[in-house]
Amino acid sequence: MPPTDSMQDSIRAFPVSVSVGSSTKPSEIECAVIQLFEEFRNPLLRYVISLGLSLHDGEEIIQEVFLALFRHLRQGKSRRNLRGWVFRVAHNLALKQQMANKKALVALDSDEGVAQRQPDATPNPEEQAASGERLARMQAVLRVLPEQDRCCLSLRAEGLRYREIAAALGISLGAVSIALARSLTRMGRVDQG
Amino acid sequence: MVREPFHLSDEDILLVADGEVSRGRAKQARAHLTACWLCRSRLAELEGTIADFVSLHRRTLDPQLPAANGSRALLKVRLAEAANTPSTGPWMRFLEWVPAHRAVACICAVVFLTALGARLLLQHSQLPGATPAEVSFARLAVPDHHLTPGATRPVDIGQVCSMAHEEVVRAVPSGLRQEVFKEYGIVDPRPEDYEIDYLIAPGLGGAEDIHNLWPEPSTAPKWNAHVKDALEERLHQLVCAGSIDLPTAQRAIATDWISAYKKYLGDDQYVSQNELELFPSEQL
Numbered sequence: 023m024p025p026t027d028s029m030q031d032s033i034r035a036f037p038v039s040v041s042v043g044s045s046t047k048p049s050e051i052e053c054a055v056i057q058l059f060e061e062f063r064n065p066l067l068r069y070v071i072s073l074g075l076s077l078h079d080g081e082e083i084i085q086e087v088f089l090a091l092f093r094h095l096r097q098g099k100s101r102r103n104l105r106g107w108v109f110r111v112a113h114n115l116a117l118k119q120q121m122a123n124k125k126a127l128v129a130l131d132s133d134e135g136v137a138q139r140q141p142d143a144t145p146n147p148e149e150q151a152a153s154g155e156r157l158a159r160m161q162a163v164l165r166v167l168p169e170q171d172r173c174c175l176s177l178r179a180e181g182l183r184y185r186e187i188a189a190a191l192g193i194s195l196g197a198v199s200i201a202l203a204r205s206l207t208r209m210g211r212v213d214q215g
Numbered sequence: 010m011v012r013e014p015f016h017l018s019d020e021d022i023l024l025v026a027d028g029e030v031s032r033g034r035a036k037q038a039r040a041h042l043t044a045c046w047l048c049r050s051r052l053a054e055l056e057g058t059i060a061d062f063v064s065l066h067r068r069t070l071d072p073q074l075p076a077a078n079g080s081r082a083l084l085k086v087r088l089a090e091a092a093n094t095p096s097t098g099p100w101m102r103f104l105e106w107v108p109a110h111r112a113v114a115c116i117c118a119v120v121f122l123t124a125l126g127a128r129l130l131l132q133h134s135q136l137p138g139a140t141p142a143e144v145s146f147a148r149l150a151v152p153d154h155h156l157t158p159g160a161t162r163p164v165d166i167g168q169v170c171s172m173a174h175e176e177v178v179r180a181v182p183s184g185l186r187q188e189v190f191k192e193y194g195i196v197d198p199r200p201e202d203y204e205i206d207y208l209i210a211p212g213l214g215g216a217e218d219i220h221n222l223w224p225e226p227s228t229a230p231k232w233n234a235h236v237k238d239a240l241e242e243r244l245h246q247l248v249c250a251g252s253i254d255l256p257t258a259q260r261a262i263a264t265d266w267i268s269a270y271k272k273y274l275g276d277d278q279y280v281s282q283n284e285l286e287l288f289p290s291e292q293l
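Protein chains in written order, with this note's numbering: chain A, 23 to 215; chain B, 10 to 293.
With the rest of the complex left out, here is chain A:
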């Protein structure tokens, strides 16, 4: 789904200066952040979970994203394309969390002598039963795609334009286009065995 201009318009509409004090009534910036939370919480949570994070980690990242958005708006920084902004912040926080989880896993593996995990393109029985043959095969292909390709697909599925995906992942527009075409081609081949 393409970006909605109405969202950006509504963001531009609220004033830059807000009173900051001990008032119990939420400020206009708090209200705007909550409004954006309603709009983007699910897409962001789907995205960070699709990167392999747990729901618990995902929920915590979403909290951090919207607190960062509050600070960003309170400092009077740019309000252009806040959808791209929240996805970029969520992506960076998710990578940070992934790194922390990997370090913890490596420590655990070395303690217990567990063999290194390798991605496996074979759909597991749960996947086959849950989703039907073709979707299960697609899921297996998806699992072994390069991480950047998977990120591009997930962000596009959440409605981001190529420019927003490029900004979120810190890559060029051409790289987004190539990643999407390449990964769709690979997933489309599941019928060819």
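The hints are simulated quantities; they were obtained by calculation from the structure and are not laboratory data.
Among these hints, one or two may not hold up.
To be verified - Simulated restraints on C-beta separations: (1) Pro182/B to Arg208/A: 38 to 44 Å; (2) Ala40/B to Leu89/A: 45 to 51 Å; (3) Arg101/A to Cys45/B: 24 to 30 Å; (4) Val128/A to Arg67/B: 30 to 36 Å; (5) Arg87/B to Arg208/A: 40 to 46 Å; (6) Val120/B to Asn64/A: 43 to 49 Å; (7) Val166/A to Arg87/B: 47 to 53 Å; (8) Asn114/A to Gln246/B: 41 to 47 Å; (9) Met121/A to Arg87/B: 23 to 29 Å; (10) Asp265/B to Val166/A: 26 to 32 Å; (11) Asn64/A to Ala35/B: 30 to 36 Å; (12) Arg208/A to Ile267/B: 26 to 32 Å; (13) Gln187/B to Val128/A: 39 to 45 Å; (14) Pro48/A to Thr123/B: 36 to 42 Å.
None of these values were measured; they are calculated from a predicted model.
Using N, Cα and C, we set each Cβ at its ideal position, and we do this for glycine too.
Please arrange chain B on chain A, whose structure you already have, making use of the hints.
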């Protein structure tokens, strides 16, 4: 699927389907899709894969999402806490955290290092005698990819390799030139300073479209229009010799023509040609 070069690539089909190309390019591509069953069936296949992926994405992730109530309530509390914390800029936070005499010493060190860094940067980025205008030319050596992502027209390799010279070096109409200058915010340009250049050259299937044009500095000290002409010529030769395919050449020049130059012509050739451009009198 093995496809002939005159058909649209998967990437092109996807760009058109996603509305990520210029209006002119989209019109050309849609005309091709209307006429070509092969490309249209490929579009349908890609759309089918997209539909399956979206279905998979939602079916596997949506059931995991809990209701937002708890998360929303927690965020409201955290926002209220954050709102009651005075907003301090990074400098104020730094000064609050570091004792005054250390802060002064740190600031002096930062100012000194910044000045030193700036001086070194200038020494390395400017040629002797380079003016501010030359520095700004250097910035335009590559186009702004938001304004000039590149645009192509549907051509096959036979057409590309049999183009007349006047088609290969086709001049940009005056009105379009002015539009490009305006788009890049260049007011009252001197004709000798810029060449309104095709990012993807007509000889490589580039379109006469504002998305494929930018004001390339003719007199920039390093990467300028003359150097890019050499790359265009080289890519044209490689395409016509069958060494690379046309979409590869188009992609290389549109993505980063300087890297493409280094790849297909090498740094050495750049240096020698650049020296000739810079110091013509020394050839004698």
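- prompt: Which of the listed hints are broken here?
  reply: Those not satisfied are hints 3, 7 and 13.
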